[in-house]
Each structure stands twice: as C-alpha cells, then as structure tokens.
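Respectively, the protein sequence lines represent chains A and B.
Just so we're aligned: 230 in the UniProt record's numbering is position 230 of the first sequence, and the numbers increase by one with no gaps anywhere.
Just so we're aligned: 323 in the UniProt record's numbering is position 323 of the second sequence, and the numbers increase by one with no gaps anywhere.
Honestly, I wouldn't trust all of these hints.
Since the list can't tell identical chains apart, any single copy or any two copies may satisfy a pair.
Mimicking BS3-like on lysine-lysine, the simulated pairs with C-alpha atoms at most 30 Å apart in a straight line are [unchecked claim]:
1. K262 x K348
2. K218 x K6
3. K86 x K106
4. K233 x K296
5. K233 x K145
6. K348 x K86
7. K384 x K221
8. K273 x K230
9. K262 x K9
10. K185 x K218
11. K221 x K103
12. K86 x K271
13. K384 x K191
14. K6 x K348
15. K384 x K218
16. K230 x K103
17. K185 x K106
18. K348 x K106
Don't read these hints as lab results, they were simulated from the structure.
So you can see what is in the structure, the chains are spelled out below.
2 protein chains.
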Amino acid sequence: MERFLKEAKDGSRVLSTISGSKKNSILREMANELRAKTKEIVQANTLDMADADKNNLSSALKDRLLLDESRVEAMAVAIEEIAALKEPVGRVLDGWITEEGLKIEKTSIPIGVIGIIYESRPNVTSDTAALCFKSSNVCVLKGGKEAQHSNKAIAKVLQSVLTKNNLPTALISLLEDSSREGVAKLIKMDKYVDLIIPRGGAGLISYVSQNATVSVVKHDKGQCHIYIDKDAKLDNAIAIAINAKTQRPGVCNAMETLLVDKVIADNALPKIKAEFDKAHTELKGCSKTRAIIDVKEATEEDFDTEYLANILNIKVVDGVDGAIEHIVRFGSGHSESIISEDITTAEKFLGAIDAAAVYVNASTRFTDGGSFGFGAEVGISTNKLHARGPMGIEGLTTYKFKIYGSGQTR
Amino acid sequence: MERFLKEAKDGSRVLSTISGSKKNSILREMANELRAKTKEIVQANTLDMADADKNNLSSALKDRLLLDESRVEAMAVAIEEIAALKEPVGRVLDGWITEEGLKIEKTSIPIGVIGIIYESRPNVTSDTAALCFKSSNVCVLKGGKEAQHSNKAIAKVLQSVLTKNNLPTALISLLEDSSREGVAKLIKMDKYVDLIIPRGGAGLISYVSQNATVSVVKHDKGQCHIYIDKDAKLDNAIAIAINAKTQRPGVCNAMETLLVDKVIADNALPKIKAEFDKAHTELKGCSKTRAIIDVKEATEEDFDTEYLANILNIKVVDGVDGAIEHIVRFGSGHSESIISEDITTAEKFLGAIDAAAVYVNASTRFTDGGSFGFGAEVGISTNKLHARGPMGIEGLTTYKFKIYGSGQTR
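If we strip away everything but chain A, and leave its shape as in the complex, we get (with noise of 0.2 Å):
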C-alpha cells in the first residue's frame, strides 16, 4: 500500500499544475465516457447484485447498490454539474500589507491527497473522484466490497480519461483491498495522505476517528431537536416540526426529539398528536406529556437515539432554559430550532446552543448543501474545526499564505 500511496502524494504536484479550463474538459470527458460505457458499468453491477442476492442482502441496500442506464446518467450528469462550478483553488481569502511592507495574499489551495472510505452506493465513486478533480485533490478511494465490481468498472472509465490526457491513473486511486486491515494501514498513513473522509454506518465512523493518525472530516449522528416556545405561532410551529420528522425520516437533518414549553403544553400537544397521527408517526413521551395525550414511554435512552425512523419523542421542558438544557445533554451538534416570535427568546437560543446549524423558525432539514446554495456537496460535516456542517467544495481546500516582499529583512 506505502507504494501505492506514494505514486497518489506524487500526483497530487502533478495536478496542482493543470489549469481550471483543462480540469473542467476532463470532466466532461469523464462524463461522457461514463456514458459510452453505460452497458460495461451496468454489467459489471450485475455482478454485485448477484453477490447480494447470495449474501442476503436487504431490498434497501440492494436498492442502493443497484446501477441501471439512467443512474449511470445521473452520475454523467453529477459530473457536468461539478465541472460547472466555480474554480475552488487559487481563491484570495483575505489579503493585506504589513508595517514592513510585505504584501500576504492567503490563498486557497488543494488540501493534497484525500481517502475516502464508503459503502455501498457506486455513484460515490464518481462524484467523489470528480469532487476531488475539480479541486485539484487527489482522491484515494476505498469503496465496501459490496459493490467492487461496480466501483472497478467505474474508475476503470475514469482512469481511461486520465491516461488519454497522459496523467497518471494514481490521480483517482480505487484501493483494492477491501478488507478491514486495508482501512486500518490507510488511515494511518499520514506521511501520503492529508484528511480522511468516512461516509458510512456509526461503527466505521467512530473506528476511524479513534483510530487514525490522518485528519478526520467525519459525518456523523444527528440528533436534532426543535423547541416549540410559548411564543410560537403553532399552526407554524407544528408544521415545521411535521416537516422535520416525516418528510424523510431516514436523514440525518431530521427531528428525533420535540421540545415544548410547559406554558403552552395543555393546549399544543392534542393538536401536535392530532398531526402526527395523520403522518402515521409512532410517539412516545415523557411523564408530563403523558399526562395530556395518550402516547407510550420515552426512556433516556430514547432521547439519546437516533431513530431514522418516523418514531418521535416529545418533552415538556421549561421554557427556554429547559429546552437548552436537554439539548446540551442530548445534541450531538448537528441541526436545532426553536419556534418562537419573541426575538429575545430566540436570540439566546441561537446563542445558547452549540451546533453547525442553530434555526429559528425553519425546519432542521434545511441543513445540507444543497439548500445552503452550495452547488454540490461533499457531505455534512460533525467536525468542530476545519469544516463545520453542509460542506461545499470549498471543504476540500485549505490555504497557504503567499508573501510578496522587495528584499526584506528582519
């Protein structure tokens, strides 16, 4: 693997020479190969889902493995949409003179050799590779060995790309070994590769955080919560929170747990369970909220769980102090709101509480890419530092400070 990763670290001088308008032709090359090549990608997926059919794999999973003509289009398409976007290297992030005259001009640049390690859905492998392209990255990518027909087939395409602009293929590395011992070397390879990014279940996300020497941008749990204030408009309120639970259950921006302020608790939760048990949503509450309307139980651990589901817990808590306090207990930082028109109430909210996106009056699914205007995502990040929340392609780059003296000495 050392000398695998030694040609990437290599490639990565070799791409931070070529220029934005020869990065975006090469894409669109991409794209259009992936196209030509349609019915070998498709072929090779057949294998895959064979090997599924004999592992006993979940319709779910077998859903998401699955390549067809017109997901192979779609990543065609994911492609052109990368190579469309604005050139993320060579940005002046800030710029000034000093007292000795030297002008610094913090630059954007490509953070160097980028592993990614991900499961099951193939059209990773693409978006990823082209992510990493456009941002003069090289990308080294360990994709589950469920889909590793799919994922050869495809890089086989995009690598053809690289070879006939005579760049090597070690530009868009597929790592080959599946096995766990192929993470657990990768991810200590910090002399090649400079971040780690781990797209998968919470059992490979947090071996690779404890485990690895490389920087980690990991997408982690959502445990999202919304409060609903005394000084709410409910009909809002209740809608919103419709919307953060029901809309796509199975996402990490969506609600886990509903707060409600004591004050307004008698007259909002029949409404709030007349709603719900419209959306068909399974509720469970604290004793407090059981004394109003009928729903079973919610324990500790339910309000420490992540249902992905469209399982609900609700809690009255005392005001906004309360509300602060559960989620500070509870959270795990990515996507809280409050509902509330007191512009007093909300601000403390939004200040009060430690997370990538903190709202008031909107629902937590707006936290991704896509809705922050982002153009194309990368992922949402759980990290504190480096990169918090919906990341853009701008995640993939980090800066260098270039001086401009005429001679000076200190």
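With chain A's structure known, arrange chain B on it following the hints.
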C-alpha cells in the same frame, strides 16, 4: 481526571455567556493581581529553580524557567495587551439569503475546551490562560514538572480573580498530574476536550499527534529554505540569506538550507561564503558547492536536519525546478523563500511550493503572528487543516451557522 474535565466542559457554557467588556475587565484585574502577588510568584519560582539546580538543568533551561519582578510585570502587560484585542467571538464571517428566504449567518464561536501541553516557561501559563479566556475558551493547562510550583502560583492568582467574579475556577484549569500518563489520558478525552495544542520538543509533539483522539494543532519542525535564482539581485539575496540564518538561528522560521541556481554559483558562492564567514556561520555544501568554495560536506541527513544553530547547508540546484524538487523532498511545509526579480519564476515557486508561508524577496524570519500583524500569537501551526502558519486569537475560534427563517419547511 474525568470529573475534572467534566467541570471544564460545563464551565465552557458559563464562559460563553460573559460579555466582551466583562471578559476584558476580568483580564485587567488578573494583570493587576499578578502584579500584587509578584512576591508570592517569585517565591514559588525559587522552589522550581532549586529543583533545577538539584537536577542539573542546563543554564539555557534555567533561564527559561526563571521568574523575577520584571518578568512578572511582562506577564501582566501581556494580559493587558490581550484584553485590548478585538473581540474574537461573534464575528459574522459570511452571510447570505437562500432561495427559500432563509438568512444564513456564519458566526465565529469559541472552540470549547482547549488543552495546552507545554514545557518550562511559566509565562505560558498566564499568556495561554488569557488568550483562551479572551476567546471564551476554557483552558486545561498541563505544564512541565520542572515549573510546577511557578505554574501553580500563577494559576492560583488567575483563579482567585475568577472566584472574586463568581466564576468557576474550572475556567482556567491546571492539571496537576505532571506524569506522562496524565498526557496520555488527556489527549484521548474527546468527550470533554475539543482541541489539544502541544508546545514543546519534537518527542512530545510526535507522541501527541500519533496518539490523540482529540484534534491537535501542532507546532512542528521548521526546515526552511531560501532559493537564490539567477535573476536575483545578489546583494539583496545575500542580505536576506544572512538575516534568515543568523538573526536568530534557534527559531523555527530560520533558514537551514540555502539553494543556489547553478547558473550563478561560480560568481555567487564566494561572495556568500565571505558574508557568512563574517557571521561565523558553519557552512556545509553539496559536491558542486565544494568544487567552488571550501566548506565541509553536507550529507542527505544534513539536508533533513533542523539545526536551530548557526550552521547552514548550501546546495547548487538546476534553476527553480531544481529548487522546488529539493524543497518538496526536504521541506517541512513551514516557510520557503525565492529571491528573484523574474515574475514568472517567482510565481512558479509561489504556486508550486506547499508551505504555510511562501515568500518572494523576503526573509523567512517574518513568519510569526507579530510580523503578520495578528496582535497576539497563539503559535505557528504546521497543521495543514484548521489553522496553518501564524495563528492569531481567531485561531482559537470555530463557527456555527445561525439561520433565520419565517416558517420555512421543505
């Protein structure tokens, strides 16, 4: 330790509610209290000095350890300067309105709990505590055993001001467990600690980087180069080289290797040697260098050594490409400089070199917070992510997105 760190974590919520003017008045009180307790601090320091004698510490180390009246006064002044800095928390870093009409504000916030692991100099205790307090971060200070009495005395003074202001002493925590095991535990406490900054020798930094599960901002080796191009003004070039090597050889932004374009080597090297001889610099050279001037041999190992002393490697290289080649191989990503009047050559160097600070026509010695105009310096980061290069107090903040809606759902 866990209970101790939990108090620190809880303290970070308290700290985030204190206004800027209150923080500044507390900092000024701390400065005055240090002055008032000079005698006690100097007395505690004599215990450390006695231990230093017993343990035969070098005179350089003893000088770093020593506190007298003027050094305590300098610590107080440093705190007052930190109080005078612009408020680092609550800066709106970016802002926009999304297509759905959500107003997004990207706002700077404290990182949370910052662990600082450092050696000898006791003034680091007050400097770091003040920088963290100013940026609303709780600090967990882990000083060296050799300065334990001084550190304890300083922390006691700062904590007494916290107590007078009804604040928990945990906001400025001093870890009294000076053992290696104490460090080993601290750097794995990602549940309570958000960032570790190790300040000390290479051994400490490497140990922390390899074993921490908490994010680390490190201040590592500075293997800095200056390349004199054929299109340099030679007088300028020599003055810069002399400055970068000899003005303060023991620091990380000092030059370790001088690269000279082969086209001008015959003419330039004798002049370079004459000036460095005046500065009593010990010169070592590659074989091409030694064919022109009489110096010792520079080995591969020498090119990889941060001397931190008045010793310099010289290498003759094949133009800017040869210089880039050498720096890619031996540079540590700290500070690199090209001396050239040719704009195309200079920009090639500025673009190709991946280092925190890349200079044209200036000394590498300018890489620090003071020269960059940052007011106070937290350190010089050799990380590639989060903070890179000179790190002002803003380096102790991260951000969150505040999102203002009016009932939006998805």
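Going down the list of hints, with the structure as the test:
For the homomeric pair K262 and K348, the shortest alpha-carbon distance inside one copy (18 Å) is at most 30 Å, but the shortest distance between copies (65 Å) is not. Taking the closest pair of Cα atoms, K218 and K6 come within 30 Å of each other both inside a single copy (24 Å) and across two copies (24 Å). Proximity of K86 to K106 under the C-alpha cut-off of 30 Å is found in both arrangements, the shortest distances being 18 Å within a copy and 20 Å between copies. Taking the shortest alpha-carbon separations for K233 and K296, only the intra-copy value of 27 Å comes in at or below 30 Å, while the best inter-copy value is 81 Å.
Proximity of K233 to K145 under the C-alpha cut-off of 30 Å is found in neither arrangement, the shortest distances being 50 Å within a copy and 59 Å between copies. In this assembly of identical chains, K348 and K86 lie within 30 Å of each other by CA distance solely across copies; the values are 23 Å between and 37 Å within a copy. Proximity of K384 to K221 under the C-alpha cut-off of 30 Å is found in both arrangements, the shortest distances being 13 Å within a copy and 26 Å between copies. For the identical chains of this complex, K273 and K230 are intra-copy neighbours only, at 17 Å inside a copy versus 79 Å across copies, given an alpha-carbon limit of 30 Å.
Taking the shortest alpha-carbon separations for K262 and K9, only the inter-copy value of 28 Å comes in at or below 30 Å, while the best intra-copy value is 58 Å. With identical chains, the CA atoms of K185 and K218 are at most 30 Å apart both within one copy (18 Å) and between copies (23 Å). With identical chains, the CA atoms of K221 and K103 are at most 30 Å apart between copies only, with a shortest distance of 25 Å across copies and 43 Å within one. Within a single copy, K86 and K271 get their C-alpha atoms no closer than 47 Å, and across copies no closer than 48 Å, so neither meets the 30 Å cut-off.
Taking CA atoms no more than 30 Å apart as the test, K384 paired with K191 passes in both settings, with 24 Å inside one copy and 12 Å between copies. Taking the shortest alpha-carbon separations for K6 and K348, only the inter-copy value of 23 Å comes in at or below 30 Å, while the best intra-copy value is 50 Å. Taking CA atoms no more than 30 Å apart as the test, K384 paired with K218 passes in both settings, with 10 Å inside one copy and 17 Å between copies. For the identical chains of this complex, K230 and K103 are inter-copy neighbours only, at 23 Å across copies versus 54 Å inside a copy, given an alpha-carbon limit of 30 Å.
Taking the closest pair of Cα atoms, K185 and K106 never come within 30 Å of each other, the shortest separation being 34 Å inside a single copy and 36 Å across copies. Within a single copy, K348 and K106 get their C-alpha atoms only as close as 34 Å, which misses the 30 Å cut-off; across copies the closest is 17 Å, which meets it.
Hint check: violations occur at hints 5, 12 and 17; the rest are consistent with the structure.
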